[in-house]
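Student: What follows is the residue order along each chain.
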Amino acid sequence: MLKLAGKVGRIQLVEVQDRPLLLQVSNNPAIPMVLRATRAFLVSEQELPEGYLHYLIPEGLEWRTQELEGKSSFTLLPNDYNYLGHGDIIRLDGQAIRVLFRANSGHNSLLVTEQCNHYCLMCSQPPKNIDDSWILDELEALIPLIPRETPEVGFSGGEPTLAGARFINLIRMMKSYLPRTVVHVLSNGRMFADESFARQYAEVDHPDIMIGIPLYSDDPDLHDYIVQAPGAFHETVQGILNLKRLNQKVEIRIVLHKQSISRLPQLCEYIARNLLFVDHVTLMGLEMIGFTRANLNALWIDPADYRNVLSEAVGILAAYRMNVSVYNHQLCLVNDDVLPYYRKSISDWKNEYVPECDGCARKSECGGFFASGVRNGYSRGITPFLPRS
Amino acid sequence: MSKFQGLDAYTRSAKYELLPFKFDRLEGDNYVITNMTGEYLEVAKPELHVLLAKDLATEHPLFASLRAKHFIRYADEQAPLDLLALKLRTKLSRLTGFTSLHIFVVTLRCDHSCPYCQVSRQMDGETSFDMTPDMADKALDFVFRSPNPAIKIEFQGGEPLLNFEMVRYVVEAAKRRNLDEKRDLEFVIATTLSLLTDEVLAFCHKHDIILSTSLDGPADLHNANRPRVGRDSFERFEAGLAKARNVLGVDRVSALMTTTDKSLPRVREIIDEYVRLGFNGIFLRALSPYGFAIKTRKFMTYDTERWLEFYKEGLAYILELNKAGIPFVEHYASLILKKMLTSNDPGYVDLMNPAGAGIAAIVFNYDGSVYASDESRMLAEMGDQTFRLGDILTDSYEDIILSDVLLDALEQSFTLSAPMCSDCAFEPYCGAEPVFHHAIFKDVLGRKAESSFCKRNMSIFKHLIGLMNSDASTRRLFMQWANAC
Amino acid sequence: MAGLAELIFDGQLYGAEAIQKAAYRAMHAFTLDLKVDGDNILCTLVGNITTEQEAFERAVEEFRKDVLDYQLRAQLQAETAPIRNLIIGLAFSNARLNPSE
Numbered sequence: 001m002l003k004l005a006g007k008v009g010r011i012q013l014v015e016v017q018d019r020p021l022l023l024q025v026s027n028n029p030a031i032p033m034v035l036r037a038t039r040a041f042l043v044s045e046q047e048l049p050e051g052y053l054h055y056l057i058p059e060g061l062e063w064r065t066q067e068l069e070g071k072s073s074f075t076l077l078p079n080d081y082n083y084l085g086h087g088d089i090i091r092l093d094g095q096a097i098r099v100l101f102r103a104n105s106g107h108n109s110l111l112v113t114e115q116c117n118h119y120c121l122m123c124s125q126p127p128k129n130i131d132d133s134w135i136l137d138e139l140e141a142l143i144p145l146i147p148r149e150t151p152e153v154g155f156s157g158g159e160p161t162l163a164g165a166r167f168i169n170l171i172r173m174m175k176s177y178l179p180r181t182v183v184h185v186l187s188n189g190r191m192f193a194d195e196s197f198a199r200q201y202a203e204v205d206h207p208d209i210m211i212g213i214p215l216y217s218d219d220p221d222l223h224d225y226i227v228q229a230p231g232a233f234h235e236t237v238q239g240i241l242n243l244k245r246l247n248q249k250v251e252i253r254i255v256l257h258k259q260s261i262s263r264l265p266q267l268c269e270y271i272a273r274n275l276l277f278v279d280h281v282t283l284m285g286l287e288m289i290g291f292t293r294a295n296l297n298a299l300w301i302d303p304a305d306y307r308n309v310l311s312e313a314v315g316i317l318a319a320y321r322m323n324v325s326v327y328n329h330q331l332c333l334v335n336d337d338v339l340p341y342y343r344k345s346i347s348d349w350k351n352e353y354v355p356e357c358d359g360c361a362r363k364s365e366c367g368g369f370f371a372s373g374v375r376n377g378y379s380r381g382i383t384p385f386l387p388r389s
Numbered sequence: 390m391s392k393f394q395g396l397d398a399y400t401r402s403a404k405y406e407l408l409p410f411k412f413d414r415l416e417g418d419n420y421v422i423t424n425m426t427g428e429y430l431e432v433a434k435p436e437l438h439v440l441l442a443k444d445l446a447t448e449h450p451l452f453a454s455l456r457a458k459h460f461i462r463y464a465d466e467q468a469p470l471d472l473l474a475l476k477l478r479t480k481l482s483r484l485t486g487f488t489s490l491h492i493f494v495v496t497l498r499c500d501h502s503c504p505y506c507q508v509s510r511q512m513d514g515e516t517s518f519d520m521t522p523d524m525a526d527k528a529l530d531f532v533f534r535s536p537n538p539a540i541k542i543e544f545q546g547g548e549p550l551l552n553f554e555m556v557r558y559v560v561e562a563a564k565r566r567n568l569d570e571k572r573d574l575e576f577v578i579a580t581t582l583s584l585l586t587d588e589v590l591a592f593c594h595k596h597d598i599i600l601s602t603s604l605d606g607p608a609d610l611h612n613a614n615r616p617r618v619g620r621d622s623f624e625r626f627e628a629g630l631a632k633a634r635n636v637l638g639v640d641r642v643s644a645l646m647t648t649t650d651k652s653l654p655r656v657r658e659i660i661d662e663y664v665r666l667g668f669n670g671i672f673l674r675a676l677s678p679y680g681f682a683i684k685t686r687k688f689m690t691y692d693t694e695r696w697l698e699f700y701k702e703g704l705a706y707i708l709e710l711n712k713a714g715i716p717f718v719e720h721y722a723s724l725i726l727k728k729m730l731t732s733n734d735p736g737y738v739d740l741m742n743p744a745g746a747g748i749a750a751i752v753f754n755y756d757g758s759v760y761a762s763d764e765s766r767m768l769a770e771m772g773d774q775t776f777r778l779g780d781i782l783t784d785s786y787e788d789i790i791l792s793d794v795l796l797d798a799l800e801q802s803f804t805l806s807a808p809m810c811s812d813c814a815f816e817p818y819c820g821a822e823p824v825f826h827h828a829i830f831k832d833v834l835g836r837k838a839e840s841s842f843c844k845r846n847m848s849i850f851k852h853l854i855g856l857m858n859s860d861a862s863t864r865r866l867f868m869q870w871a872n873a874c
Numbered sequence: 875m876a877g878l879a880e881l882i883f884d885g886q887l888y889g890a891e892a893i894q895k896a897a898y899r900a901m902h903a904f905t906l907d908l909k910v911d912g913d914n915i916l917c918t919l920v921g922n923i924t925t926e927q928e929a930f931e932r933a934v935e936e937f938r939k940d941v942l943d944y945q946l947r948a949q950l951q952a953e954t955a956p957i958r959n960l961i962i963g964l965a966f967s968n969a970r971l972n973p974s975e
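Protein chains in written order, with this note's numbering: chain S, 1 to 389; chain F, 390 to 874; chain G, 875 to 975.
Hints should not be assumed to be uniformly reliable.
Listed below are several chain F residues computed to face chain S (Cβ distance under 10 Å; list not exhaustive) [to be verified]:
1) ALA398
2) TYR463
3) GLN467
4) THR479
5) SER482
6) LEU484
7) PHE487
8) ALA644
9) ASP860
10) SER862
11) GLN869
12) ALA871
No lab work stands behind these hints, which were simulated from the structure alone. Quick caveat: nothing in here was measured; it's all calculated off a predicted structure. Heads up, the beta-carbon is just placed ideally off N, CA and C, and yes, glycines get one too.
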């Protein structure tokens, strides 16, 4: 798993740095001086080009600091960051680095705020009720730096729409600076129950944007319990309706655990009868991080035990010709009828496997596990596929 | 550090409100309840009474489903109302399209003499049973007065291919007009395939015409129903089918059966014949009352019961086929399932409310008469002109569409104000059938308690619900049928 | 020999309309003579000539269930009429609705 933030090694600054530095990373020694003046160069064994604003020296090449001693700003990077590459964007802030954007990744996700009006039992990004509007400042500085050929960017939180007009502004900036980049927003959708907010969002008229909204049950009380917010279900449904009235793309996301499994087929029928016009439905395996571990008793169910329920659910949505995808499940835990909808992975975090996977002939088709899953618990049903003879 | 609250904290305890729904008995004391848009649930009698008294406990296993399917709500919830309204609007939206199916009876001449057919006349030569170009032109004026973006023109007879020149005339004229109109135009020819020639097929291929043919079952059954000089109806059919598929494509030839009392003991064989000939579905049609003298009592009791056995046996066999991996659809069930399981309406003339007569389909007869539906025309051929709406050569569009004949029939047969229908739980799945009921009861409403239409449909509705409740894979198969385009 | 049955319904609990509707539903088996006598509603059920005794008796049993059902339906209909009109109003109003239009 990639480390995205942390302390760095030695730093030398030739200018006063009174605020965090947002830098595009380059490993191209041939770019013109005008561009080098705003970028960070990723040092390798090759000759060091002059004129960069900052130099990043991997700790394995520490000896190269001599060449820059007293001349240019540089930072010594721990080995964890050896994955950095051309086009990445980092923040250097005193002793710490944070990687904000990775050009190599198909799935950059930008955190908009850690505030949230939900408190989901299985939240992977536990909310913090603090003023973190500085994040919005940073995003507004970041978006213009993102490479224009980036295929997709995601926005998440907390609840991104709590940023109100500034959230809508981010979408507008995405349209302006990255008109060819697909945008995916994770939101509980409740803000869109306010028609004027929904309209402002629609008026941006982004060419390719989808809002992923969780719905965990057809029973409003059960949904509200899972997200720990009274009235959530109804506001979310209103938000979805408003968005679709305005022709905006909506995806419904369902995290599968003991609570949502209990009425999963009924939820799918509810979606098929009432929300047939949504653009996509995704069914996702549980991530064993964040609040999940605190609520394990209420949440954990072995996917091997719900494979038939998953088949039934997918069958219903497919019968109604809806777009369906199944994420975050291991291949050996789903029935064959789910395979047309099985997606290998939702992110490009290095897919990990467990000892039970040894010898499996279909590893390359399988999404494997998140590191958190490997660490914190997984199905007893993991079984390697035997090679076909 | 647990700031998490239990399920109780989110469980509402206020008294719930009833949303509009209807109920009827299924088997014994089990009821089915249906909401305004046809969603249903099975409820036992004691539970139904508790539900109606607003005493059903939140913990009751049915409670969440009653809420999700919009049978009950809490008074402060707006979403259930918005969603019901949305679904209702979707269901009704087909009405705004108005007439889509326009039937052109281009000739009464036919090379068959089927005993149950009321309409066919002599063989070749006699052109007094042919539609004239004048009538065709006026009929096309009428067609394009319909606001529907999708128009279907279907040629019937007799045997339309005996007046192929008129078919050609109408297709070419319609397409010319459509250059401006820009509708989604579809053409169908209803033919036995016995007179198919290369020239006809080339024309059909050029203009994307679909052929709708008849297949009553295995050769002996088919030939017994369809006498022809030469006694070779089936053989000609089979040859024509192969030729048509070859030129037009397998999806461009469909088959319909006519059910007679000879068909009733042989449903599996009939389905097998469809399977053998590569069709992917069958429409198990009801016995038509028009061909026989309308024998009310006998027709009603014996024949309806016997037909229901035929239907259920056929459907069971089809389910077996599907389980064995052979996709095969029963089309009448599909139409009903579309109404039960989705907010879409299949637009099937016989199962519409308001009735499909005139507003979904209309018939231009060879003699210039305009009829509200195919049944209306058949009734006229038997001597009853009640549903003749006018004459295409002399009457205007408004005269015909706004005629009292039509409007009265639509209004009086409207199920939501009809005795027995208005309270019936199955009303969302059913239709008004003014012509049929007029034929039997001399009144467009009919007495539903004695109506074979009512008995037949109600039995099928209950049967389909029972099948879905007993087997999840059947339920899923039915969902696929309901959502097929 | 046509079947014959006499039933008494408590007028406080059952409306004449419910009884009539139930009778309408049963007309394939019998016809009904209705008479109000104080608080009671007297029903005379006369089987159709073509209806056999067993079928008649079954029809009477169904009739009794139907009377209760129609009574409940009337109450349900009355109670939900306002909200039904509201929903229909929403369905037909131009504003707001139909995301896929």
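Student: Verify the interface restraint on F/ALA644: the C-beta must sit less than 10 Å from at least one C-beta of chain S.
Tutor: F/ALA644 check fails; min Cβ-Cβ to chain S is 25 Å, beyond 10 Å.
Student: Hold the hint about F/ALA398 up to the distance rule: shortest CB distance to chain S must be less than 10 Å.
Tutor: Result: holds, 7 Å to nearest chain S Cβ.
Student: Holds or violated: is the Cβ of F/THR479 closer than 10 Å to a Cβ in chain S?
Tutor: holds, 9 Å
Student: Hint check: is the beta carbon of F/GLN869 less than 10 Å from a beta carbon of chain S?
Tutor: holds, 5 Å
Student: Taking the closest Cβ pair, is F/LEU484 under 10 Å from chain S?
Tutor: Status violated, d = 20 Å.
Student: Does the nearest C-beta of chain S fall within a distance shorter than 10 Å of the C-beta of F/ASP860?
Tutor: This hint is violated: F/ASP860 lies away from chain S, its Cβ roughly 12 Å from the closest one there, beyond 10 Å.
Student: Would the hint on F/GLN467 stand, with a C-beta cut-off of 10 Å toward chain S?
Tutor: holds, 7 Å
Student: With a cut-off of 10 Å on the beta carbons, see whether F/TYR463 makes it to chain S.
Tutor: This interface hint holds because 9 Å falls under the 10 Å limit.
Student: Quick check on the hint: F/SER862 CB to chain S CB, less than 10 Å?
Tutor: holds, 9 Å
Student: Closer than 10 Å between Cβ atoms is the bar; does F/ALA871 clear it against chain S? Give me holds or violated.
Tutor: Constraint on F/ALA871 satisfied, holds at 8 Å.
Student: Grab the minimum C-beta distance from F/PHE487 to chain S and call the hint holds if it beats 10 Å, violated otherwise.
Tutor: violated, 24 Å
Student: Can we keep the F/SER482 interface hint, with Cβ of chain S closer than 10 Å?
Tutor: violated, 13 Å
Figure legend: structure checked against the earlier numbered hints; hints not met, in rising order: 5, 6, 7, 8, 9.
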